[in-house]
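Visitor: Chain by chain, the residues run as shown.
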Amino acid sequence: MSAGLTGGVGAFVEWRRVAAVLAMAAPPLLALPLFVSEFTAHVLAISAYYVILAASWNMLAGFTGQFSLAQHGFAALGAYTSGLLVYHLQTPLWVSIPGGVLTTALGGLLLGLLVLKMRTIYLSIATWAFAETLRITLSAAYEFTRGDLGLSVPSLYGHVRPVVYYYTFLAVAALCLLFIHVMLKSPIGYFMRAVRDDPMRAQSLAVDITRVKLFAFVASSAMAGLGGALYAHYVLTLTPSIVDFSEMARIIVMVVIGGLGSFIAPIIGAPPVYALNTWLAAWGEWSMVAFAAIVIGLMRAYPAGLAGLISAVWGRRRSGKSFL
Amino acid sequence: MSGPLLEAEGVTKRFGGLVANDAVTITVAPGEVRGLIGPNGAGKTTFVNMLTGFETLDAGSIRLGGAALTGLPANQIAARGLVRTFQVARVFSNMSVRENLLIPFLAAGSPGGVREGQAKAADLLATGTLEHLAEEPASVLSGGQRMLLQACAGFMIPAVRLYVLDEPFAGINPVVKDALIALIEHENKSNGRAFLIVSHEMAIVRRLCPRVTVMIQGRVAAEGTLDEVARRPEVVQAYLGSAAA
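Here the protein sequences come in this chain order: B and S.
Take 1 as the starting number for the first sequence in the numbering used here and just add one per residue.
Take 1 as the starting number for the second sequence in the numbering used here and just add one per residue.
These are calculated hints, taken from the structure and not from any lab test.
Yeah, the Cβ is synthetic: ideal placement off N, Cα and C, and Gly gets one too.
Hints should not be assumed to be uniformly reliable.
Said to hold, decoys possible - Label pairs and their in silico Cβ distance ranges:
| hint | chain 1 | residue 1 | chain 2 | residue 2 | range |
| --- | --- | --- | --- | --- | --- |
| 1 | B | P303 | S | E131 | 27 to 33 angstroms |
| 2 | S | N173 | B | V313 | 33 to 39 angstroms |
| 3 | S | G16 | B | L149 | 54 to 60 angstroms |
What the hints assert, rightly or not - Okay, the calculated bits of chain B under chain S, using three or more residues with CB under 8 angstroms as the criterion:
| hint | stretch |
| --- | --- |
| 4 | 16–22 |
| 5 | 57–70 |
| 6 | 186–193 |
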């Protein structure tokens, strides 16, 4: 039944709407760095990087219901694969970066196969263990990875002017979001949401849930790997700390604040959360407390995240009715 | 096709010491509407689970239109035309009613047939009187409407030859019940689909099913018209207890 999985790609995409949204969003996003400081441009570049990670995780957790805790691990795997290829084999970046994407795609397939029969908290714990194993390996195999000393990697363009990297991450984020949108508006996207809602029912209605889950794992891992590989050649030094659980927590917070399982969640969740993180960093350890308080407050008021807030306000304006 | 549609032979399932299905043999002809009745715990749902690939067989075999189904995963069994519903209605709660109907159509391998699927879904929504709810998420449906949507979804698989409905009439209001009965009769008469209906609602079973199979304690105890099997002492005893026998 292979036709069921790959057939009709993009069947439900309204290309006019996609073009209209792109045409509306592009000018302000492209003009933005012209009006800000270099530091702000850097924050924007990293925000766009987190949009990629958040979007990839939202595809897996929000749309397919696979609450994996290994997304930061795949970003790191992409980053280290590209970095190590350059460091040990002097590979050019146009080989090492696709190498990172390929490795993460295979890693996603492997992890997907391992957790295929697991659900909910069991899947979360197993994927978290996978990421921890990766972190410890990167640290322990220091003769190969340089461990906590840090792995030096070359920059993407021979310089690190933030504005150029902002455009790079922005373009990749846009491509990833477009890919996810097309998938969601295809039969495979319907199957992903069906697997999230009720895998047993999906199977009883001829959906090959094994292949749907594996597709989600491979695609989302490859996306995170691509983001990570590009990130490596911007920050220039890699340490195992990029697989700290706080990184995963940050991705989750971004998506959940945006609205888990909502397409725009990563777009409206990641930049404010990263900006807030950066701004609060001045308070040192206390910044986490302030951050947590804001997250809890927002979740208490709007469990569906910013996307829920927006659609509630939008719905009230359109229908004139009050919202719950 | 002149032979039987479904041939379940010697189907056996043990759970520890309990024999839930003991050499169950049931044959259903093409286009037949068969009732499957029996007291609670007789093993009806276990049998349905094995038929549709949700439970493995300890012994026996299952064939549909002459082709073996034993050991196939549930999604492939459904795609080949043996489809089921669940006793507690299962729908995709966060997806619209229309999307709920499109999923089986897209999954059962109709490449590029999106338009055909949309038209078919529209037909079913009209027959099932769910039209006004088409764009609503399935989570807003009442219990009876969920049951109806669940049943409609199975008809979206183009190849459906045998539709197994597990207690489709339990706890739903009379209006929805009538809609579901009309749908079954329509799909049977116009499209020649066969049904195996597990139910405790004897009035509906009498109306829909010319023949019924009675399961008691994991075995097939009787087969015939409802009135025939209702006179059998072992059936009466299983339903009413030995004092009445």
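Visitor: For each hint, tell me whether it holds in the structure or not.
Guide: We went through each hint and held it up to the structure:
1. The beta-carbon spacing between P303/B and E131/S, approximately 31 angstroms, falls within the hinted interval of 27 to 33 angstroms.
2. Here the CB-CB span from N173/S to V313/B is close to 37 angstroms, well matched to the stated 33 to 39 angstroms.
3. Range check, G16/S to L149/B: Cβ separation about 57 angstroms, and the 54 to 60 angstroms hint holds.
4. Counting residues of the stretch 16–22 of chain B whose CB falls under 8 angstroms from any CB of chain S gives 0; the rule of at least 3 is not met.
5. Figure legend: the stretch 57–70 of chain B, annotated as covered by chain S; annotation inconsistent (0 residues with Cβ-Cβ distances under 8 angstroms, at least 3 required).
6. Counting residues of the stretch 186–193 of chain B whose CB lies closer than 8 angstroms to any CB of chain S gives 4, which reaches the minimum of 3, so the coverage claim holds.
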